[in-house]
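Q: Protein chains in written order, with numbering that gives the first Met the number 0: chain A, 0 to 356; chain B, 0 to 300.
Rather than coming from a laboratory, the hints here were simulated on the basis of the structure. It is possible that part of the hints are untrue.
List time: in silico DSS-like cross-link candidates among lysine-lysine, alpha-carbon distance up to 25 Å [stated by the list, open to error]:
hint	chain 1	residue 1	chain 2	residue 2
1	A	Lys11	B	Lys277
2	B	Lys99	B	Lys70
3	A	Lys5	A	Lys110
4	B	Lys167	A	Lys11
5	A	Lys5	B	Lys271
Derived coverage of chain B by chain A (criterion: at least 3 residues anywhere in the stretch with Cβ under 8 Å from a Cβ of chain A; other residues may be distant) [what the hints assert, rightly or not]:
hint	region
6	7-18
7	22-31
8	60-72
9	162-176
10	207-214
11	256-268
The calculated label-pair distances, taken between Cβ atoms and stated as ranges, are [as the list claims (entries may be wrong)]:
hint	chain 1	residue 1	chain 2	residue 2	range
12	B	Glu89	A	Ser29	32 to 40 Å
13	B	Lys271	A	Tyr107	32 to 40 Å
14	B	Lys271	A	Ser29	20 to 28 Å
15	A	Asn120	B	Asn144	22 to 30 Å
16	A	Asn120	B	Ile91	26 to 34 Å
17	A	Gln325	B	Trp253	57 to 65 Å
18	B	Glu64	A	Ser30	48 to 56 Å
19	A	Ser29	B	His203	42 to 50 Å
20	B	Lys271	A	Asn294	50 to 58 Å
21	A	Ile4	B	Gln152	24 to 32 Å
22	A	Gln267	B	His203	46 to 54 Å
23	B	Asp220	A	Asn120	23 to 31 Å
All C-beta atoms, glycine included, are put in the ideal place defined by N, C-alpha and C.
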Amino acid sequence: MATVIKSIGSGKDYSTIAAWIVSLSDGTYSSGDDIIGELYDSSYDETFNIGDAPFSTGALNSVTLRANSAYKHDGTPDSGVKIIYSGSVSDSDAPYKVSYNSSTYGEYKVKIEDIEFADFNHSANVHAYGFMLSEKTTIMSRCLVDNFTSSSLSTKRFRIFKQGKPRIQNCMIFNCGKTYSAGGVSANVQAFNLDNSAEGKVYNSTVYNIFDSSTNTVWGAFYGEYINTIIASAGICFRVVSGSNNSNNLSTDSTAPGPSSRTNRAQQWLFVSTTQGSEDLHLKNNSAALNGGTNLGTAFDIQYDIDGLDRDATGGLWDIGADQCQSCRITSFQANKRLSLGFSVNQAVSSFNLSDF
Amino acid sequence: MELIVKVGNPDGPQTSYRDGDIVQTFSPDRILLSNAEGICNVNNFSLNEVTGLRENDSLLMKFLELRNTYKFERVNSNDIRRTNMITEEEDILNTTPNDKGEYINAYQFISRRLKSARHCIFGSSGAEIWYGKTRPSVDLDALWNDIETHTGQLKQNNVSWNFSPIEKRRFLVMNCCGHGHSHTHEDAISHAACINCSCGCDLHELSEDFANERIESVQIDGDPIIEEETGVDSGDPTFEQILVARRKFTVPYWDYDSLLSLDIDDIRDPNKQVDARKELESRPTGDLLTINKIDAGIITL
Chain A
0 MATVIKSIGS GKDYSTIAAW IVSLSDGTYS SGDDIIGELY DSSYDETFNI
50 GDAPFSTGAL NSVTLRANSA YKHDGTPDSG VKIIYSGSVS DSDAPYKVSY
100 NSSTYGEYKV KIEDIEFADF NHSANVHAYG FMLSEKTTIM SRCLVDNFTS
150 SSLSTKRFRI FKQGKPRIQN CMIFNCGKTY SAGGVSANVQ AFNLDNSAEG
200 KVYNSTVYNI FDSSTNTVWG AFYGEYINTI IASAGICFRV VSGSNNSNNL
250 STDSTAPGPS SRTNRAQQWL FVSTTQGSED LHLKNNSAAL NGGTNLGTAF
300 DIQYDIDGLD RDATGGLWDI GADQCQSCRI TSFQANKRLS LGFSVNQAVS
350 SFNLSDF
Chain B
0 MELIVKVGNP DGPQTSYRDG DIVQTFSPDR ILLSNAEGIC NVNNFSLNEV
50 TGLRENDSLL MKFLELRNTY KFERVNSNDI RRTNMITEEE DILNTTPNDK
100 GEYINAYQFI SRRLKSARHC IFGSSGAEIW YGKTRPSVDL DALWNDIETH
150 TGQLKQNNVS WNFSPIEKRR FLVMNCCGHG HSHTHEDAIS HAACINCSCG
200 CDLHELSEDF ANERIESVQI DGDPIIEEET GVDSGDPTFE QILVARRKFT
250 VPYWDYDSLL SLDIDDIRDP NKQVDARKEL ESRPTGDLLT INKIDAGIIT
300 L
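Generate coordinates for the entire structure from the input sequences, incorporating the hints supplied.
A: Put into structure tokens, the structure is as follows:
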């Protein structure tokens with residue numbers, strides 16, 4: 000029983016994720032091994048489905064797909080390893096699936112870490128999803144999911160995460176939705192459409208701009224348990240959640256559930272940038288998400304934020320969302336103090352500007 | 000089109016990869032783009048030692064111009080000019096949201112990017128330049144023209160996928176192309192001629208769609224998924240998808256040993272590297288090389 004790391008990319012152990020997945024059940028590894036596939040390339044145009052074979056035939060203990068630490072994103076698009084998919088999926092299907100039987104082979108055997116998933120722009124007229132992470136199979140940490148779109152016609156559903164009880168933690172999901180603009184059905188676009196169970200957990204994640212171009216209502220969250228999670232500009236941000244432990248969430252409407260949640264916060268006061276092409280959902284100075292989270296401990300490495308920063312090492316309170324901001328100022332008191340010291344507020348000549356405060 | 004084929008597991012269930020299943024395919028455009036991305040990887044370019052920024056007019060900058068939709072230029076401490084490089088539309092963004100709700104704190108955005116040694120911020124301090132939003136398609140001719148201008152790399156030498164030694168030992172690496180048939184394949188002789196490329200057909204590269212279809216799986220509808228809990232009724236039900244076969248297409252390479260000069264023992268020996276790719280003028284036709292399992296009766300729905 001060993002931990003075996005294989006590199007994936009041009010000139011690496013495997014040139015594609017698909018070939019690496021085949022290797023998980025072809026006798027390459029020993030029973031009980033923990034296998035890690037590390038990605039290095041700028042982009043991988045692929046789908047994947049991790050089924051029973053690595054755990055049945057391969058008898059592996061766990062499978063991790065992650066970006067190599069020197070090639071991971073910096074929390075913004077196109078800054079690190081990216082998995083895209085330029086093809087199409089069949090009806091009611093997704094390009095990225097984890098489908099092994101967790102009742103038989105054990106829970107959370109698959110981990111997906113530090114990867115950007117982007118540019119799945121689906122044009123086939125079918126119900127389409129982004130991820131199908133069945134039952135309690137998957138822990139997805141510190142990933143970016145952005146620019147997933149469907150141009151399917153009005154009645155077709157589009158979900159970013161469909162079904163299951165995954166753990167989604169310290170991830171950012173943004174700029175996803177349907178681009179068909181001629182009518183439709185409300186709530187056919189949902190970011191999270193999970194099983195009705197508190198065992199599906201979305202913790203310390205940031206969701207922004209889930210849209211339906213037909214102007215029908217979209218939903219950010221439908222089922223699952225949410226703690227320390229921001230959902231902003233996503234129609235009805237938290238439509239329904241599961242269980243009674245939801246807390247410390249933030250929404251741009253009135254729906255953030257549970258105690259210590261913050262509602263009706265304007266999205267322009269939350270993030271560094273929402274500009275298309277330069278998105279940066281790290282928290283900005285005085286963001287309403289600062290210091291609003293609850294400490295979730297260290298289980299499943301939940302304490303590492305989108306940048307890999309150990310929230311506990313900062314010595315401060317946890318922030319809501321995927322980012323733990325070390326440098327953000329929180330009160331206007333500090334801004335007033337700095338201004339009183341005589342800094343120029345002339346933005347043309349100063350190296351500071353008011354918005355920095 | 001190049002492809003990598005599963006070797007071994009001939010008796011496994013169709014829901015797993017079986018002997019001959021096409022694991023992955025690579026269209027010519029995908030290969031050229033992937034190889035270009037490798038050459039233009041940010042790790043291959045240095046930072047200006049004084050400014051800590053990337054040099055303007057470098058190959059990296061040209062690559063990002065062709066790869067992205069938007070160019071961003073800092074015009075003062077607060078304002079960013081965004082240029083859509085496809086439509087040439089420009090707008091100014093700052094901390095005040097525009098009518099689409101977009102805003103940017105230039106100082107915080109740039110400061111955070113510069114913390115990474117892999118950043119792609121060009122220009123000079125106070126006049127930084129960067130790019131964003133991947134284009135739906137890339138002008139590969141222009142991209143490779145830039146690469147050939149700035150490096151010793153030639154496009155013609157980058158038309159093959161960089162398979163690893165492990166892949167050449169444990170899979171079968173092949174390629175194929177399209178044949179503009181001037182004949183039918185109703186007889187074994189013409190069928191064989193288009194496999195060993197003695198047919199005289201007009202040869203051409205295969206499309207992205209052809210490549211993508213070769214790695215589809217086979218699924219059938221199961222029970223309808225009841226979404227009544229959501230209260231949403233679009234009148235267009237979804238169904239549980241049941242996997243029938245991991246791959247719809249297979250390459251019965253063992254049948255092509257003589258036509259393609261394949262040594263089946265070598266292919267199945269995990270200690271021997273086999274690369275069965277051929278020059279364009281002798282590639283088999285993709286239509287015949289890849290077998291649709293449903294049409295061939297290998298799986299039934």
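Q: Hint says 32 to 40 Å; check whether the CB-CB distance for Glu89(B) and Ser29(A) agrees.
A: Once the Cβ atoms are compared, 59 Å apart, the range 32 to 40 Å for Ser29(A) and Glu89(B) is violated.
Q: Check whether three or more residues of the region 256-268 of chain B sit with their beta carbon closer than 8 Å to a beta carbon of chain A.
A: violated (count 0)
Q: Between the beta carbons of Lys271(B) and Asn294(A), is the distance compatible with 50 to 58 Å?
A: Hint holds: Cβ distance 55 Å, inside 50 to 58 Å.
Q: Count the residues of the region 60-72 of chain B with a beta-carbon closer than 8 Å to any beta-carbon of chain A: does the count reach three?
A: Per the Cβ count (4), the hint holds.
Q: Could you check the hint for me, namely that Ser29(A) and His203(B) are 42 to 50 Å apart, CB to CB?
A: 46 Å Cβ-Cβ, so the 42 to 50 Å window holds.
Q: The hint says 57 to 65 Å between Gln325(A) and Trp253(B); measuring C-beta to C-beta, is that right?
A: holds, 60 Å
Q: Taking only the CA atoms, is the gap from Lys11(A) to Lys277(B) under or equal to 25 Å?
A: holds, 23 Å
Q: Is 48 to 56 Å right for how far apart the beta carbons of Glu64(B) and Ser30(A) are?
A: At roughly 50 Å between Cβ atoms, Ser30(A) and Glu64(B) fall inside 48 to 56 Å, so the hint holds.
Q: Please check whether the region 207-214 of chain B has three or more residues whose CB lies within less than 8 Å of a CB on chain A.
A: holds (count 3)
Q: Taking 22 to 30 Å as the stated bounds, is the beta-carbon spacing between Asn120(A) and Asn144(B) within them?
A: holds, 27 Å
Q: Count the residues of the region 22-31 of chain B whose CB lies closer than 8 Å to any CB of chain A, then report whether that count reaches three.
A: With 3 residues in contact (Cβ-Cβ under 8 Å with chain A), the coverage given for the region 22-31 of chain B holds.
Q: So if I understand the rule, the pair passes when the alpha-carbon distance is 25 Å or less; does Lys99(B) with Lys70(B) pass?
A: holds, 18 Å
Going through the hint list in order, the structure does not satisfy hints 11, 12.
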